[in-house]
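Enquirer: So you can see what is in the structure, the chains are spelled out below.
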Amino acid sequence: MSGTQRAAFRPNWAARAGWSLLAVYCVYAAWSMDFTWARFVSGLHNGAMFLGSMFPPEFTRWRLLVNNLAETLQIAIIASGAGIALSLPFGLVCARNLMPAWATWPARAVIAVSRSFHPVIFAILFVKAVGFGPLAGILTLVVASIGFIGKLFAEAVEEISLKPVEACRAAGAPFLSVIIFAVLPQVLNRFIGFATYQFDANIRNSTMVGIVGAGGIGGTLFAAFQRFDYDFLAAILISIIALVMLGEYLASVVKAVFND
Amino acid sequence: MTNHPRTPRTWQRFSPLRRLARFSLLLAAGIALAISFRTVQVVPEFLFDAPTQMADMLTRMWPPDTSHYFSGVHTALVETMHIAGMGTIIALALSLPVALLAANNITPYPVLNWFARLILVTSRSVNTLVWAILFVAVFGPGALAGSVAIGFRSIGFCGKLMGEALEECHKGPVEALRAAGAPWPSVILKAYWPQVAPAFWGTSLFRWDINVRESAVIGLVGAGGIGMALDTAINLFRWNQVSLILLCIFAVVVCMEIATTFIRKRIL
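Chains as they are written, first to last, in full-length UniProt numbering: chain A, 1 to 260; chain B, 1 to 268.
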């Protein structure tokens with residue numbers, strides 16, 4: 001007490017070592033990927049030129065833009081409809097408290113595979129399988145929806161109270177009635193939440209699948225980029241941001257109406 | 001009123017307006033679905049043909065060409081991991097100031113809050129692939145463009161979660177430090193940081209996991225990593241190499257998920 005100086009905040013050597021390790025990793029990774037100051041500076045220069053040629057955005061080809069946005073929206077709507085409809089049975093089959101193990105394992109494997117690959121990889125494979133166009137995009141987003149909603153929905157079903165299920169079974173209800181009257185009422189709210197979130201995500205992703213040829217506005221965006229048509233690119237970007245914001249707004253409306 | 005003899009005794013969960021809203025939303029969804037089905041340009045033959053084509057593709061993919069791993073995949077895979085790591089670090093560095101601006105208890109100016117929120121929304125609205133296209137135009141093809149693209153896409157996610165964590169901070173330590181006359185960097189570092197550190201690490205781990213998946217595909221538009229190898233293999237119709245690359249991506253993603261779960265358990 002008498003002679004010792006007390007520090008208000010004692011140095012945390014473990015944390016400092018961790019931060020230095022992180023700094024060392026940054027330097028190593030930057031070096032191995034050839035990040036140089038010269039590239040950064042020339043990049044800033046290029047970026048300024050790029051932004052300059054993007055401005056002002058060119059909206060004279062608005063008819064093409066609107067058609068593409070409509071296709072993007074159609075892909076998102078169909079994929080959400082089909083994906084939500086398919087993920088309902090998938091989620092139920094996945095739930096370990098309702099189904100025997102021989103049924104849950106295959107369903108879990110399907111969900112794991114569809115979650116572990118980025119939608120773009122599925123988009124490439126579907127483009128190769130069913131050709132260019134919105135069909136490939138729809139299939140891609142259906143797979144993505146099953147992976148996302150299926151997993152979360154299965155988790156929600158596993159958390160339900162089993163008492164209504166037992167009551168229905170004791171009263172001799174058939175399997176389908178047990179699902180409809182004992183399981184679904186408990187998870188419907190959360191299911192709607194996942195579904196609206198997925199609709200929002202599908203709108204975001206449907207703007208991107210076109211880059212690999214799966215329909216929607218992404219194809220036009222990539223074409224504009226490759227033709228150095230940067231002012232049209234700016235117009236496409238602005239409309240994509242507007243569409244995504246519209247999707248976010250729609251999702252919030254649906255959630256407000258259905259959640260109680 | 002409630003004891004009025006003519007009050008009907010049927011109970012309803014929702015008010016009529018609410019029911020009308022629910023019904024009209026369902027109707028709107030049905031109509032949107034019907035219109036989309038009628039106008040989308042899908043060739044039905046392609047849809048019926050799809051199972052055959054898929055089966056054909058899968059048979060051509062099997063067996064994976066494992067001899068290609070060391071010559072063409074390994075370096076790209078390591079580069080993908082670096083892109084994901086550097087992208088996450090760039091994102092955290094860039095999202096911290098935005099999060100500080102977005103939290104209204106730290107920045108009490110609504111104009112700045114709205115500006116920060118605009119940055120966050122823009123970052124999230126533009127897909128990683130689109131960010132990658134933009135940065136390939138700026139920095140040229142390669143890993144630098146990929147890392148910056150991953151970083152810019154993640155600002156929205158990290159900044160939003162960090163901003164929310166900052167807004168939930170207790171005022172006590174802040175006021176104590178202010179009363180002791182601490183300058184604002186000390187207030188941030190000693191009052192806010194210890195409270196948001198768990199959220200910060202949780203967010204970074206979560207985003208790192210997502211970024212590994214995303215950095216596997218940005219190579220398709222020329223932004224480095226395993227996606228470039230995948231693109232080449234697809235363009236050359238080397239399906240055995242494609243399946244090898246897909247298996248590698250799958251393995252990395254699964255390892256990543258196990259690793260992040262482990263780290264999360266250890267440090268949080």
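Keep in mind the hints are simulated off the structure, nothing from the lab. A virtual CB, placed ideally from N, CA and C, is assigned to each residue, including glycine. Honestly, I wouldn't trust all of these hints.
Pair ranges (Cβ atoms, derived) [to be verified]: (1) A:64 x B:263: 43 to 49 Å; (2) A:167 x B:111: 52 to 58 Å; (3) A:27 x B:38: 54 to 60 Å; (4) A:18 x B:37: 52 to 58 Å; (5) A:23 x B:62: 29 to 35 Å; (6) A:42 x B:67: 35 to 41 Å.
Enquirer: Each hint needs a verdict: does it hold in this structure or not?
Expert: Verification of the hints:
The supplied range of 43 to 49 Å is met by residue 64 of chain A and residue 263 of chain B, whose beta-carbon atoms lie about 47 Å from each other. Evaluation of the 52 to 58 Å hint for residue 167 of chain A and residue 111 of chain B yields a pass: the beta carbon distance comes to about 57 Å. For the pair residue 27 of chain A and residue 38 of chain B, the supplied restraint of 54 to 60 Å holds, since their beta-carbon distance comes to about 57 Å. Restraint check, residue 18 of chain A to residue 37 of chain B: a C-beta distance of roughly 54 Å satisfies the suggested window 52 to 58 Å.
The hint said 29 to 35 Å for the Cβ distance between residue 23 of chain A and residue 62 of chain B, and at roughly 45 Å that hint is violated. For residue 42 of chain A and residue 67 of chain B, the hinted distance range of 35 to 41 Å is satisfied, since their beta carbons lie about 39 Å from each other.
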